[in-house]
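Asks: Those letters in the sequence shown? Residues 767 to 858, per my numbering, in order.
Quick list of in silico lysine-lysine cross-link-like pairs, DSS-like style, CA-CA up to 30 Å:
| hint | residue 1 | residue 2 |
| --- | --- | --- |
| 1 | Lys774 | Lys794 |
| 2 | Lys772 | Lys793 |
| 3 | Lys816 | Lys771 |
| 4 | Lys774 | Lys807 |
| 5 | Lys772 | Lys794 |
| 6 | Lys816 | Lys780 |
| 7 | Lys793 | Lys837 |
Just so you know, the hints here were simulated from the structure itself, not pulled from any lab data.
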Amino acid sequence: MMTEKKFKMNFSNKHLIDNKGLDDKVKKFGSNPKTRHIDLKTKGIRQEFKHQTIRITLIKTSDMIADALTKAASKTSIQILLSAIDPDFHPN
Numbered sequence: 767m768m769t770e771k772k773f774k775m776n777f778s779n780k781h782l783i784d785n786k787g788l789d790d791k792v793k794k795f796g797s798n799p800k801t802r803h804i805d806l807k808t809k810g811i812r813q814e815f816k817h818q819t820i821r822i823t824l825i826k827t828s829d830m831i832a833d834a835l836t837k838a839a840s841k842t843s844i845q846i847l848l849s850a851i852d853p854d855f856h857p858n
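Using the sequences and the accompanying hints, generate a full structural model.
Replies: This is how it looks when you write it as structure tokens:
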């Protein structure tokens, strides 16, 4: 039989982020009047992290596969995305 802790580790959603500020806000909560607007936006994420329904992993921006979908993309980031979607695809 699986323990509750092992169940949460196996079935929680894994989120890969490249935002160090968000990572710090979620994992080490601290508040002041200047960051109150951020606190309201991240409250739900913090609650999910606390209850272990999500896992957050900080990675380098260069390792973000979907980076080409979020902003003007370089040829390299588009190639990384294409190879992640279909490793056998080779454009002319």
